[in-house]
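Kindly generate the complete structure, drawing on both the sequences and the hints.
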Amino acid sequence: MTHDVWDGDDEAEAGRLVPLYILVNGRTSPRNTSLDLATQVIALPADQSRLELEYREILQQCNGWISIAEIGAYLHRPLTITKVMVDVLHEQGFLDIGSPAQEKIADRWLLETVLAGLQRI
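Those letters in the sequence shown? Residues 1 to 121, per full-length UniProt numbering, in order.
Honestly, I wouldn't trust all of these hints.
[Said to hold, decoys possible] If you anchor each label on the Cβ, the simulated ranges turn out as follows: (1) E112 with T33: 37 to 45 Å; (2) T33 with W109: 38 to 46 Å; (3) R120 with Q61: 37 to 45 Å; (4) R120 with S29: 44 to 52 Å; (5) N32 with R56: 17 to 25 Å; (6) L79 with L115: 16 to 24 Å; (7) L110 with G26: 44 to 52 Å; (8) T28 with R120: 49 to 57 Å; (9) R108 with P45: 25 to 33 Å; (10) R120 with G64: 31 to 39 Å.
What the hints contain is simulated information worked out from the structure, not anything from laboratory work.
Since the model is a prediction, treat every value here as computed from it, not as a measurement.
All C-beta atoms, glycine included, are put in the ideal place defined by N, C-alpha and C.
Shown next, in the form of structure tokens:
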């Protein structure tokens with residue numbers, strides 16, 4: 001008796017034992033409607049030992065700010081599934097969403113120095 005293995009619609013996923021749609025419980029879109037492919041994410045410190053390998057691979061890519069599109073490209077995953085998996089990780093507290101430009105700079109001296117330098121130009 002032969003067992004067919006779902007290949008994820010492309011050769012990069014051939015041999016997978018668990019289809020990606022099972023990892024996201026059949027969801028086809030993220031619950032967080034503000035997520036898009038340009039959304040920047042970063043991994044938060046958390047125990048990843050209970051996560052599926054596919055989720056841990058995403059977190060390994062997120063040591064610094066990275067877009068959802070970049071994650072999908074690096075891991076050769078469909079972008080729709082990548083976006084849903086990022087949403088799941090965010091819901092579970094493994095990822096922070098935003099962008100590096102949204103980080104607050106608390107160093108007023110640095111900002112004043114930059115402003116002074118620009119005014120001299």
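Can you tell me whether the CB distance of T33 to W109 sits inside 38 to 46 Å? This hint holds: roughly 39 Å between Cβ atoms.
For the pair R120 and S29, does the Cβ-Cβ distance stay inside 44 to 52 Å? For S29 against R120, whose Cβ atoms are near 50 Å apart, the range 44 to 52 Å holds.
Using the Cβ atoms, figure out if R120 sits within 31 to 39 Å of G64. holds, 32 Å
Do L79 and L115 keep their Cβ atoms within the hinted range of 16 to 24 Å? violated, 40 Å
Measuring from beta carbon to beta carbon, are T28 and R120 in 49 to 57 Å? holds, 54 Å
Take the C-beta atom of L110 and the C-beta atom of G26, compute their distance, and say whether it sits inside 44 to 52 Å. holds, 48 Å
Does the hinted range 17 to 25 Å hold for N32 and R56 at CB? holds, 21 Å
Lying within 25 to 33 Å: is that true of the beta-carbon distance R108 to P45? holds, 28 Å
So the hint says 37 to 45 Å: do the beta-carbon atoms of E112 and T33 match that? With a Cβ separation near 39 Å, E112 and T33 satisfy 37 to 45 Å, so the hint holds.
R120 versus Q61 beta-carbon gap, inside 37 to 45 Å or not: Holds: the Cβ-Cβ distance is about 41 Å, inside 37 to 45 Å.
In summary, the structure is inconsistent with hint 6 from the numbered list given earlier, while agreeing with all the others.
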